[in-house]
Structures are given as C-alpha cells and as structure tokens.
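With our numbering as the guide, the letters of the sequence shown map in order to residues 12 to 209.
For the record, the hints were derived by calculation from the structure and aren't laboratory data.
Ideal placement from N, C-alpha and C gives every residue a C-beta, glycine not left out.
Be careful, since some hints might not be right.
As the list claims (entries may be wrong) - For each label pair, taking beta carbons as the anchor points, the in silico distance ranges come out as:
1) 106 with 22: 20 to 26 angstroms
2) 69 with 162: 25 to 31 angstroms
3) 35 with 155: 37 to 43 angstroms
4) 132 with 63: 25 to 31 angstroms
Unchecked claim - Below 25 angstroms or equal to it, Euclidean Cα-Cα: the simulated SDA-like pairs (lysine to any residue) are:
5) 119 with 27
6) 26 with 105
7) 26 with 120
8) 112 with 167
9) 28 with 143
10) 28 with 161
11) 119 with 18
12) 119 with 63
13) 112 with 161
14) 177 with 164
15) 175 with 103
16) 26 with 44
17) 26 with 108
18) 38 with 61
19) 112 with 131
20) 119 with 56
21) 28 with 142
22) 112 with 130
23) 168 with 117
24) 28 with 14
25) 112 with 122
26) 157 with 140
27) 26 with 61
28) 40 with 54
29) 175 with 131
30) 131 with 42
31) 32 with 142
32) 28 with 38
33) 38 with 25
34) 119 with 31
35) 38 with 64
36) 119 with 176
37) 40 with 79
38) 32 with 80
39) 28 with 105
40) 131 with 103
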Amino acid sequence: MVVVDEEYALSVIRKSKNFQKFEEGKKVKSVSIRVLSDDQGYVAVVHHAIVHFECGTDFSFIIKAPSLERCVDTFALDNDDPNSLTLVHNRECEVYEFLDKCNVLAPKLYDMRLATDLVKDPGYILMESFVGRGVVLGLRHQVSSKQVINVAHHLGKMRAEVGKIKDVKPWNDPFRVEGTLVDELFDKESTFMGAPTF
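Please construct the entire structure, taking both the sequences and the accompanying hints into account.
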C-alpha cells in the first residue's frame, strides 16, 4: 500500500489538468492531508487533501487509495489473491470515468490510475471534494422526504444517462439483482463495464 503523504498527494494531483490550470502562476505553500474513512470503506482508504498556496487560495480534493487489508476484511478474501482488489479498483475507475462524462450529480474526476501491482503501483482515484458541502448519513440518521425525493431524482437522471449509451443499457435492467452486480465486480470474464465507448 502506498503511503499517502504531502509529497505523494502533490505528485499525483499535478497530473490533473484541473489542478494544472488552478496552480498556474501560484506557489505551493503547504499540503494538508487527513484520512476521512478511518475504519470505513470496503476497498480503499479515502483521504481529504488540500493544497495551500502562498496567495491564500486552496485546492481541495479526495484521494481514494486501494487497500488490500480493507478488501480482505470486507469480502473475506484470500490475502494471497490481490487480483480481486485490482479488479474492483479498476472497475470503480471505469464507473467514475463514465459518470464524469454524464450530466449527473457526481464528484468531478480529476485523475485516476488503474491498479497494476498493489505493492508497486496500486492506482488511485482523485476527485472533487464534497467535504463541507455534503454529509454521509449513518444508521442512526434520519432523512427528510425532500432528501429522499432528491436522491430519487438524481438516480432517475443517472438511469436516463445510462439509457443513452448502447453498450451500457443492460445496467438499467429492472430485474437485475444487486447481488449479481457484486459478483460481476469480481468476475474477470464479466462484461459489467464492457469497455463502452463514450
């Protein structure tokens, strides 16, 4: 697993065109990082990173770094087979890449790297931070009817976007059982993402 520190965060975000444009003409003062996921998360550790510039502006983003330990614990997998995590991370990258091209409410994708080797090159996902602009509801939280309708609206919009792309129309199958989607994440022969062309 890669150690996500200030140097690493700056090195990966500098690959993002969004960040390159934002950084233009500015000098980095410091980088702060904190783990958001603690013991939560199924396959990744989620970090909130902020690049602070000397001019007083900040660039805030999220780093999702795959974690073999989390994947093994969550899915009771064999620690000797890290390919499962590689497959899940790479599929997650495909989903975020797809969402980035759709007109739906989702974090902006700044950059991603597919996992090739969980020790040497585990991959990452860099995306827009919703810290301070959103909330993660736990088991003890209640939601209002307005919040439920808002979520339903955005899910409907996402289904409509999916329906526009021939290669991924099967995702809208109303009879697809959620469990089969999870199984397909781990199936190397699956056409779950089907390498659609956008």
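Which of the stated hints cannot be reconciled with the structure, identified by number in ascending sequence?
-> Failing hints, ascending: 10, 19, 22, 28, 29, 37, 38.
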